[in-house]
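A.B. asks: One rule links them: number in my numbering = place in the sequence shown (from 1) + 445.
No wet-lab data here; the hints were simulated from the structure. Keep in mind that the hints are not guaranteed to be accurate.
[Said to hold, decoys possible] Here are the computed distance ranges between Cβ atoms for each label pair:
| # | residue 1 | residue 2 | range |
| --- | --- | --- | --- |
| 1 | ARG566 | PHE600 | 38 to 46 Å |
| 2 | ALA825 | ALA624 | 38 to 46 Å |
| 3 | GLN690 | THR807 | 17 to 25 Å |
Keep in mind the model is a prediction, meaning the values are calculated, not measured. Glycine included, each C-beta is placed from N, C-alpha and C at the ideal position.
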Amino acid sequence: MTGAAVLLVLGALVALGPLSTDAYVPGLPRLAEDLGGSASAAQLTVTTCLIGLAVGQLVAGPMSDVLGRRRPLLLGLAVYTAAGFLCAAAPNIGILVACRGVQGVGGAFALVIAYACVRDRYTGQAAARYFSLLLLVTGLAPVLAPLAGAQILRFSDWRGVFVALAVLSGVVLVACAVALPESLPPQRRSSGGLRATGAVYGRLLGDRRLVGYALANAFVFAAMFAYIAGSPFVLQDVHGLSPQQYSLVFAVNATGLVVAAQASGRLVRHVDPRTLLAAGVFGSAAGGIALLAVVATGAGLWPMLAAFFVVVTSVGLVLPNAPALALEDHGSHAGAAAALLGCTQFLFGGLAAPLVGHGALTMAAVMAALGVAAAIVLVALLPSHHDSRHPAAPGGPA
446 MTGAAVLLVL GALVALGPLS TDAYVPGLPR LAEDLGGSAS AAQLTVTTCL
496 IGLAVGQLVA GPMSDVLGRR RPLLLGLAVY TAAGFLCAAA PNIGILVACR
546 GVQGVGGAFA LVIAYACVRD RYTGQAAARY FSLLLLVTGL APVLAPLAGA
596 QILRFSDWRG VFVALAVLSG VVLVACAVAL PESLPPQRRS SGGLRATGAV
646 YGRLLGDRRL VGYALANAFV FAAMFAYIAG SPFVLQDVHG LSPQQYSLVF
696 AVNATGLVVA AQASGRLVRH VDPRTLLAAG VFGSAAGGIA LLAVVATGAG
746 LWPMLAAFFV VVTSVGLVLP NAPALALEDH GSHAGAAAAL LGCTQFLFGG
796 LAAPLVGHGA LTMAAVMAAL GVAAAIVLVA LLPSHHDSRH PAAPGGPA
């Protein structure tokens with residue numbers, strides 16, 4: 446398989462996460478109505494998927510370090526595909542919430558193994574550039590997912606969106622089974638077995654840098670998911686946007702994220718990745734504070750949309766650089782380290798989603814608090830630019 450084809454497949458794997466949450470968000474209000482649930486109950490379908498994505502990575506990461514990347518990956522994709530069809534057939538909100546958790550676990554295997562495959566091949570700035578390329582591929586997911594979901598809603602309902610996700614996952618499963626090579630040969634696999642997982646995680650959690658990068662990344666990511674969970678209700682129910690208009694707003698913000706990620710991929714050749722990470726973190730905090738001020742003063746729709754854009758675009762500077770920096774010193778346990786990074790990211794996102802309800806002020810307060818928390822972590826836990834453990838020289842193949 447060529448390098449471009451591998452990039453495309455890895456991008457599809459990472460895209461399953463945002464597709465799972467973004468494709469059906471235009472239909473959240475209708476989903477709640479159809480299944481007789483509240484806005485908070487509908488948002489729990491986002492939360493359980495994110496928690497599944499978080500917890501599943503804790504299993505998938507170490508498993509792939511021991512068994513290699515291919516077998517756990519194929520297992521996860523099979524679970525995701527089956528869960529998608531079960532979500533489409535769910536008769537009530539409770540069963541849908543449970544099926545979404547299972548779907549998240551399947552998606553976790555795809556996500557963490559894709560990141561580990563990058564670390565198998567690259568380190569340092571080379572890894573940061575590759576993560577940026579992955580975000581270009583996966584950036585199409587949040588841009589196209591709500592647009593595609595809104596179009597499906599014109600001819601079907603939210604169940605049709607889950608059928609489409611299951612079919613897509615099945616296609617990716619076949620592609621991986623047929624063409625994706627193993628990136629972790631037996632001689633480089635962990636020798637302690639799955640029983641050593643606890644000790645591995647203990648050592649990783651003792652690394653202040655990894656914990657700092659993981660927390661900063663997670664708070665910024667959670668602010669974005671507070672936006673994902675709350676904005677459908679605020680923009681459609683409060684400001685009167687149609688599902689199609691909402692999907693356009695969502696796509697514009699996602700485009701900002703993709704552009705920022707690609708700018709990061711180019712700038713990282715000349716600018717320290719920690720500088721780019723800091724720009725994203727402080728941008729998220731500033732956007733959240735601005736959103737809170739806009740809502741509190743009743744400034745209207747357009748200033749709110751501008752603040753949303755700042756928060757979401759800032760994520761494009763954080764997501765490529767935080768994983769590259771966090772995994773830099775952990776090549777022998779890249780799967781477990783990626784799992785910790787992803788677990789905190791999706792766990793925080795899952796906890797933030799039901800807090801926002803459907804009120805603009807609550808959503809804005811949550812987003813502002815998360816952005817400020819990320820900035821505090823950045824200042825308190827992370828090293829200075831002159832720390833010798835993270836040299837500025839470009840990285841290469843691992």
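A.B. asks: Does each hint hold? Answer for all of them.
C.D. replies: These are the hints, each one checked on the structure:
{"no.": "1", "hint": "ARG566 - PHE600: 38 to 46 Å", "in the structure": "holds, 42 Å"}
{"no.": "2", "hint": "ALA825 - ALA624: 38 to 46 Å", "in the structure": "holds, 45 Å"}
{"no.": "3", "hint": "GLN690 - THR807: 17 to 25 Å", "in the structure": "holds, 23 Å"}
Violated hints for the displayed structure: none, as all numbered hints are satisfied.
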